[in-house]
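S.K.: Spelled out from the first residue to the last, the chains are:
2 protein chains.
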Amino acid sequence: MSNQEVVILKIRDAEVEKRVDLVAKEEPISIKVNGKRIATLMATPIDLRELAYGFLYSLGLIKQAEDILSISISGSEVEITAGLIKDFSSDEEVLTSGCGKGVVILGYLLGKIDSNLVISTEAILLLMDEFQLKSTGYKTTGGVHSAGISDLLQILDFKEDIGRHNAIDKVIGSFLLQRLSLKDKIMLTSGRITSEVVVKCVRAEIPILISRSSPTDMAITLAEQSGLTLVGFARKKRINLYTHTERIIYIIPK
Amino acid sequence: MSNQEVVILKIRDAEVEKRVDLVAKEEPISIKVNGKRIATLMATPIDLRELAYGFLYSLGLIKQAEDILSISISGSEVEITAGLIKDFSSDEEVLTSGCGKGVVILGYLLGKIDSNLVISTEAILLLMDEFQLKSTGYKTTGGVHSAGISDLLQILDFKEDIGRHNAIDKVIGSFLLQRLSLKDKIMLTSGRITSEVVVKCVRAEIPILISRSSPTDMAITLAEQSGLTLVGFARKKRINLYTHTERIIYIIPK
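If you read the protein sequences in the order shown, they are chains A and B.
If you count the first sequence from 1, position 202 lands on 1532 in our numbering, and the numbers rise without skipping.
If you count the second sequence from 1, position 66 lands on 1396 in our numbering, and the numbers rise without skipping.
With the rest of the complex left out, here is chain A:
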C-alpha cells in the first residue's frame, strides 16, 4: 500500500502522546481519453494502469484490453488512446454513488449472468479469512478498502484503495490486462455493496460477489435480476445469502 507518515497526537485514556502514524495516500488521478479529460478520480496512487483499464471497462467505454491502443502514466496523469465503444459525450449523465467513486453512465444494459459455478460456505469463510489477512493497508491506516479476485481455492489478485470502487476497478483492470476471463471467478470486497458494485461485477460477468459488509436494497434487486449471487456479512463463521443461492453449497467448518 501507498502510505504517508504523519505526526499526530494520540490520546488513549489519560495519555497524550506525540507519535508518527501512517495514513492512506489520496491523490487526484486525471484520466484523459483521446485528448479529453473524462474524469478525475480521488484514488490511492498505486496500480494506476489497472485502475484506468478497470475504470473504462466498468464505465462500459471499452469491451476488452485491446480497445486501449496506448496508455501513458506520468505522475497522477493517465493518458489513453482508445477505440471507444461509444463516444463520451458531454451531455451524458453522471450518476454518483452512495459511497463510492461511482461515475456510472446511466442507460447501460445489464447482461444476465449464466454460470454453473458453485462455492461452499466453508470456502467462502476460508477465502474471507485469507482476504482479511491480506488487508495490510487497512491494518496500518484503517483507511482503505480492498478487493480481490478468487478462483474457488485462492486469492489470485488483491488491490487496495481509499475508494471502495477504485479497488474493484483495479482488480478488474488487472484481469483485463492479463487477458484473463472473470467468468469463473469470485469478487471479494471489504466494502458495502451498492448498485454500482453489482453493475461492475455483472459487466465483468463475475457470477459471485462476496462482501464483509452489507448490501443496499437496490443492489439486491439488480443482483436478483441479473443473475448475480450476492453474499454479505461474510465473517466470523457468519454469512448472509441474498440472491441466487443456487450457487452456494452448505458446508460449515467446525
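In short, the hints are calculated from the structure, not lab data.
Since no wrong hints were added, every one of them can be taken at face value.
To be clear about the criterion: a stretch of chain B counts as covered by chain A if any three or more of its residues have a C-beta under 8 Å from a C-beta of chain A, and this derived list gives those stretches: (1) 1336–1347; (2) 1350–1357; (3) 1466–1477; (4) 1520–1531; (5) 1545–1558.
Ideal placement from N, C-alpha and C gives every residue a C-beta, glycine not left out.
Since chain A is already given, all that's left is putting chain B on it; use the hints.
M.R.: Okay, now just chain B, sitting in the frame of chain A:
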C-alpha cells in the same frame, strides 16, 4: 431511516435460517437545476430537500438558502430553480471520490477558517458516544453512514444515508434551510475523511471535524492549510488529533 425488508438465508456456525432482514434503501435521486439535470445521486431517499440544498452548497453552486428560488420534489426527482453563483457548464471537471458521492468541481478556492471555538477531549468522547447511540440505521442494516452537527453540548442534527457524503450534505443542507450558521458548530461523521469531506466542512466554515474513522494524507494537508481541526478514530476513549490542535483541551473522562 428508510429501510427495506428482504428475505435472506442467514448462516451462523452450522445453522442455516431463512429470515426477514432489513437493508438500507438506495435510489437514484435526480437533481435538476434551472431545467438541466446536473447530477444523479445514489442516495437513501429521505431528507431529499436537505440533500439538494447541501449538495448545491457543497458544490459551491449556491452561497445561501436564498439562492434557491423554488424546489419541488416528486418521487426521486428534485427540481430546483436557483440563482447560481456560477454556471454549471458542461466542460467543467467532475472530480469523483475515493469512497463518497463526490462530485466536486475542481478549481474552487478554499477559504481559511478563523475560529476561537475549543472543545475538550472529554466532550469529544461524550458526543461520539451519543452519536453512536443515534446511529439506528447502521445498527439495523449495517449499511449506512451518519453525520451530525453539534454545538459543544449536544447533537443538534443527525442524518443517515448509504452515502458518506450524502449524510454530510444532508446535515449541512438542514442548517442552510434553517438559516443557521455553522461557524461555531462541529461536524461528526461515521465515515473516513477524504479531501472532499474536508472541502465540505471548510466551505461551510465548520472549524472542527470529528470522525470515528481515519483520514487520508490529502485530507490532513487540506485541513492543515485551511485551518480545520481534524480529529479521527474518536471512539472508546481514544482520539487521534491531526491538525489545528489549538482548539482541543485535554480532559479525559475516567
